[in-house]
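Chemist: Sequence:
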Amino acid sequence: MKRERGALSRASRALRLAPFVYLLLIQTDPLEGVNITSPVRLIHGTVGKSALLSVQYSSTSSDKPVVKWQLKRDKPVTVVQSIGTEIIGTLRPDYRDRIRLFENGSLLLSDLQLADEGTYEVEISITDDTFTGEKTINLTVDVPISRPQVLVASTTVLELSEAFTLNCSHENGTKPSYTWLKDGKPLLNDSRMLLSPDQKVLTITRVLMEDDDLYSCVVENPISQGRSLPIKITVYRRSSLYIILSTGGIFLLVTLVTVCACWKPSKRKQKKLEKQNSLEYMDQNDDRLKPEADTLPRSGEQERKNPMALYILKDKDSPEPEENPAPEPRSATEPGPPGYSEVKSTYSPGPEIQTK
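FYI, in mature numbering (1 follows the signal peptide of the UniProt record, and there is no 0) the residues of the sequence shown are -33 to -1, 1 to 323.
Check the hints yourself; a few may be wrong.
Unchecked claim - Capping the alpha-carbon separation at 30 Å, the derived lysine-lysine pairs in DSSO-like fashion look like this:
#	residue 1	residue 2
1	102	42
2	199	39
3	152	142
4	16	102
5	39	16
6	35	16
7	199	149
8	199	142
9	31	102
10	42	16
11	16	142
12	199	152
13	16	149
14	42	31
15	149	167
16	42	142
17	152	167
18	167	199
19	167	142
What the hints assert, rightly or not - Label-pair distances were calculated between CB atoms; the ranges are:
#	residue 1	residue 2	range
20	82	23	24 to 30 Å
21	61	189	54 to 60 Å
22	152	50	23 to 29 Å
Everything labelled a hint here was simulated from the structure, so no lab data went into it.
The beta carbon of each residue, even a glycine, is placed where N, CA and C say it ideally should be.
Full structure from sequences and hints, please.
Modeler: Printed below as a string of structure tokens:
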């Protein structure tokens, strides 16, 4: 009897709780609200290109969702708000003409900038649902890596040198990571091969003959990768250095002797030509002076006694009239002044001289 009474009491209690359980089940279905999923949690974008922040939501309501995208900062930045795909409110200037929303709540960002990098959070709510769905997606924005090159002071190095440095350089690219290769195989830090903290610089300490090889570097970031052309590093033994220096010295000496031998004849030829030009110039001056000397008249004894005769001969603009009788010519044996030819004087002595 007692067992039957206990079973009946438990059954009656269960019947009393049934309505509450039913109500609870009815209320828990709407509490599911909006459920948001995303195929990726991290997206790598490229400067100047587009990135799709893809999400998918589900809801028991058929109403249009209210979608809100924010960029998380110390103070969250609202990217866009919409009802369905219709944008509400005013977009920030840096997002104008760069935003597009899809019916599933996804966001397309165009013409990416470095400032767009960060964590994006989407909130989707529907009027009939009791709570809002949320999802976060991380976006990185980078500049592609340009082709790197290995920079060295010289491609040759002497054995047992204290240090030899190789630098991996590239013009463009953000968030670069560096890897060094020797004959195509990665290099790691060891007692002689030292890498800088960012692995951009490789330093070989106490160079050995085994370091004679091909070296290259690889630079990569989340969106791209670049590999330099291999550079050959040649290691010389110290004994070979003296042979190289002596050979170079002999070659330099032979070159200097050849240049000097070719240069001397040219100097002699130039001096000879200058001398010849000088002689020709002097001959021309002599030829020019001879006619001038021939045209000058030779004066007689009377001309030497009376200097006025020379003055009258030279004064061509005012010659004396030829009415006066000419003096008797000098004899051929009478010497005249050198450099002048004998000419008849046009000078006529005054009456006093004739009477004498």
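Chemist: Does each hint fit the structure? Answer for all of them.
Modeler: Hints and how they fare:
Note on residue 102 and residue 42: the hinted pairing holds, with a Cα-Cα distance of about 18 Å set against a maximum of 30 Å. Proximity of residue 199 to residue 39 is assessed by CA-CA distance (about 49 Å); at most 30 Å being required, the pair is judged violated. Of the supplied pair hints, the one linking residue 152 and residue 142 holds, its CA atoms being roughly 23 Å apart against a limit of 30 Å. Taken as a hint, the residue 16 and residue 102 pair is honoured in the structure, with Cα atoms around 23 Å apart against an allowance of 30 Å.
Restraint check: the Cα-Cα separation between residue 39 and residue 16 comes to about 21 Å, which is no more than 30 Å; the hinted pair holds. Simply put, residue 35 and residue 16 have alpha-carbon atoms about 23 Å apart, close enough for the 30 Å limit, and the pair holds. A distance of roughly 10 Å separates the Cα atoms of residue 199 and residue 149; the hinted pair therefore holds under the 30 Å criterion. The hinted pair formed by residue 199 and residue 142 meets the criterion: a straight-line CA distance of about 28 Å does not exceed 30 Å.
With a CA separation close to 18 Å, the supplied pair residue 31 and residue 102 stays within the 30 Å bound. The straight-line distance between the Cα atoms of residue 42 and residue 16 is roughly 26 Å, inside the 30 Å bound, and the hint therefore holds. About 18 Å separates the Cα atoms of residue 16 and residue 142, which keeps this hinted pair within 30 Å; it holds. Using a Cα cut-off of 30 Å, the hinted pair residue 199 and residue 152 holds, with the two alpha carbons roughly 15 Å apart.
A distance of roughly 36 Å separates the Cα atoms of residue 16 and residue 149; the hinted pair therefore is violated under the 30 Å criterion. For the hint pairing residue 42 with residue 31, the CA-to-CA distance comes to about 28 Å; that is within 30 Å, so the pair holds. Annotation: proposed proximity of residue 149 to residue 167 holds, straight-line Cα distance about 15 Å (limit 30 Å). Restraint check for residue 42 and residue 142: satisfied, since their Cα atoms lie roughly 25 Å apart, inside the 30 Å limit.
A threshold of 30 Å between alpha carbons decides the hint, and for residue 152 with residue 167 the separation of about 16 Å falls inside it, so the pair holds. In summary, the hint linking residue 167 to residue 199 is supported, as the alpha carbons are separated by about 18 Å, within the 30 Å threshold. Using a Cα cut-off of 30 Å, the hinted pair residue 167 and residue 142 holds, with the two alpha carbons roughly 12 Å apart. Between residue 82 and residue 23 the beta carbons are some 27 Å apart, a value that agrees with the proposed interval 24 to 30 Å.
Hint check: residue 61 to residue 189, Cβ distance near 23 Å, so the stated range 54 to 60 Å is violated. A C-beta distance of roughly 59 Å is found between residue 152 and residue 50, which places it outside the suggested range of 23 to 29 Å.
Consistency note: the structure conflicts with the earlier hints numbered 2, 13, 21, 22.
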